[in-house]
Amino acid sequence: MKTRIERAYLEASVIGDSHAMSVWKHLAPAIVFRHSMTAPAKHFDGQFYTAEKGGLHITSAMIREAFPRADADVIQVMVKARERLDAQLQTILAAGLPVVSSLGAASYRFARRVQSADPDNGALFSRKILRAAAGDYVETFVGFHEELLRHVPAVSFLLGACRYPDNQKDAWLAYDQVMIDRLSAIGVRIIDVRAQTGDDQLRLLPEYQAQDVLHGNDQWCQIVAERIIDQVGPPTGQPQKAAQLQSK
Amino acid sequence: MNPYSKLPAQAYWRTGVARHAGSGKLLPKLWSPKIALSREDSFLTVGSCFAQHIGKALHRAGLNRMLVEKAPAVLPEKMREQFGYGLFSFRTGNVYTASMLLQWLRWMADPSRMDREIWGEGDEFHDPVRPSIEPGGFESVDDLFAARDATLTALRRGIEQADVFIFTLGLTETWSNRETGLVYASCPGTQAGDFDSDRHQFTNARFATVLDQLQQIRDLLHGVNPRMRMILTVSPVPLTATAVPGAHVLVSTVKSKSILRAVAGEMADLHDDVDYFPSYELVSHPALSLPMFEADRREVTPEGVAFVMRHFLAGLGVDEMDAGPPRPDEDAQARARADIALAEGDAICDEVELDKYNEN
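Quick mapping for you: the protein sequence lines, in order, are chains A and B.
Plus 577 on top of the position in the first sequence (first one is 1) and you've got my numbering.
Plus 39 on top of the position in the second sequence (first one is 1) and you've got my numbering.
Treat the hints with care, as some may be off.
Simulated DEER-style distance windows between Cβ atoms [as the list claims (entries may be wrong)]:
no. : chain 1 : residue 1 : chain 2 : residue 2 : range
1   : B       : A334      : A       : R641      : 40 to 46 Å
2   : A       : I757      : B       : N103      : 38 to 44 Å
3   : A       : Q624      : B       : E333      : 37 to 43 Å
Worth flagging that the hints you see were computed from the coordinates, not collected in a lab.
Values in this document were obtained by computation on a predicted structure and should not be read as measured data.
Beta carbons are placed, not taken as given, at the ideal position from N, Cα and C, and that holds for glycine.
Using the sequences plus the hints, can you model the full thing?
Structure (structure tokens):
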């Protein structure tokens with residue numbers, strides 16, 4: 578039997594990786610975004626979008642380059658996932674609502690790759706090198722947000738939970754700062770709760786940590802949700818016709 | 040019969056040199072390493088800017104040139120050399136003199152002896168022993184010394200693991216701190232820092248000094264790895280400028296290179312585990328009649344570099360040292376790869392910066 582859930586709608590769409598997904602999970606079912614396009618970060622590796630003839634699409638054209646060691650079956654799964662993501666993106670663009678995005682909140686992945694140069698010593702590299710590396714790493718994500726801004730009235734970027742190991746601190750913080758600087762420069766609003774939920778080194782305090790090693794817990798999500806509402810406005814109780822109801 | 044009867048072809052000028060002049064082909068038997076070398080050996084390369092070519096040639100030829108100090112994988116390829124990665128086995132920057140290399144190895148052996156002088160300019164801090172390693176300078180003193188610690192750690196690790204240490208000597212002219220003895224990579228005030236005639240002294244190292252420094256270098260290498268073999272080369276790239284009062288740069292260049300060449304030969308004569316590779320001769324000798332220098336008469340042409348490196352690889356066995364069946368195709372490919380690599384881009388030379396002070 579289908580039951581209509583009483584829920585409120587944020588007049589915004591959400592795009593992103595697991596950080597956005599965890600916020601979404603925390604809010605639902607009481608509050609939902611109008612539209613979503615979310616998937617684990619690996620689905621946004623490499624050149625994941627194209628912007629041609631006024632459009633913006635998720636593409637799988639370069640997926641082999643992004644996953645050179647993946648076998649054909651895995652590639653097929655990734656292609657299907659990107660097709661689904663593109664369909665979701667087109668819905669988001671058509672809706673023309675503000676977007677909350679965590680695409681590129683990839684400090685964890687970046688810092689791990691930096692450390693891979695010398696697993697025993699993660700503090701090898703100067704901040705200038707880390708920023709230069711991060712500047713290149715974020716290029717695709719910044720480009721996507723720049724294109725996205727051509728289609729929607731506003732974009733807010735959600736920084737992920739700041740949970741760096743000691744030997745990845747510099748790389749992690751360098752990456753975050755580069756994302757903040759680059760996205761701010763193109764007009765993306767930043768949702769940054771590190772000062773509120775972190776210590777004096779911005780590292781997430783234990784009371785905000787989820788049980789995994791990467792994400793924020795419900796308390797963290799709640800604070801993030803409040804900041805999102807500050808930026809996109811309070812939720813409304815008016816479902817759109819197109820909004821799909823969940824079955825419970 | 041006399042000692043000059045029935046010598047091999049390479050022993051006579053007519054057949055060893057004149058016959059091949061202008062051809063660009065290998066001079067047969069130019070370099071037959073006296074130290075045992077094989078394709079399985081791992082090589083460290085350090086030295087003047089010309090040493091960068093040797094490292095790249097080894098790598099492209101499929102030999103094990105060790106890059107001990109690596110850039111983070113996420114740093115784009117195009118930025119790695121700007122930050123001093125991949126030029127040599129370590130992020131030392133150009134090591135032009137034996138005194139510079141000796142200083143690095145002493146610090147590696149005993150980091151407590153490391154000098155703490157820095158060149159600070161505003162919020163930019165340059166390392167006096169490698170002022171161009173971080174474009175625009177380090178942002179903090181902590182970053183500077185963390186990076187130096189990383190290089191010292193890499194030096195020790197590389198020397199522990201490698202089989203052959205290739206050092207390309209570039210200069211005898213040196214600047215140092217009169218009080219502390221710190222040897223600078225370049226004259227203070229040229230690339231960074233401020234020149235102070237009371238504190239900064241010029242030295243033009245003589246034969247005995249360079250020889251003593253190389254002996255100490257060998258001892259320090261063996262202190263970490265008793266099996267380490269050395270190959271010494273001399274960069275054929277002339278000095279950009281000389282600081283010898285009243286001297287002509289041509290005379291200073293020939294004097295400097297002659298000392299380095301002679302000391303390198305002396306080291307090879309003294310020690311069974313030290314060899315000399317004649318890159319200097321191949322580029323510098325006019326009898327070979329090859330276009331070795333660019334229009335500035337200083338930079339070695341890509342063809343000249345490739346010519347040198349083909350001899351180097353041939354000596355290392357790409358042509359002749361294989362114990363197994365001959366592999367001409369592979370050798371040809373290796374040489375082609377070396378040629379292509381060497382034609383790609385110029386080496387990064389700090390010393391060339393000196394010419395911007397030439398107001399003539």
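query: Where does the structure disagree with the numbered hints, that is, which hint numbers, in rising order?
result: none
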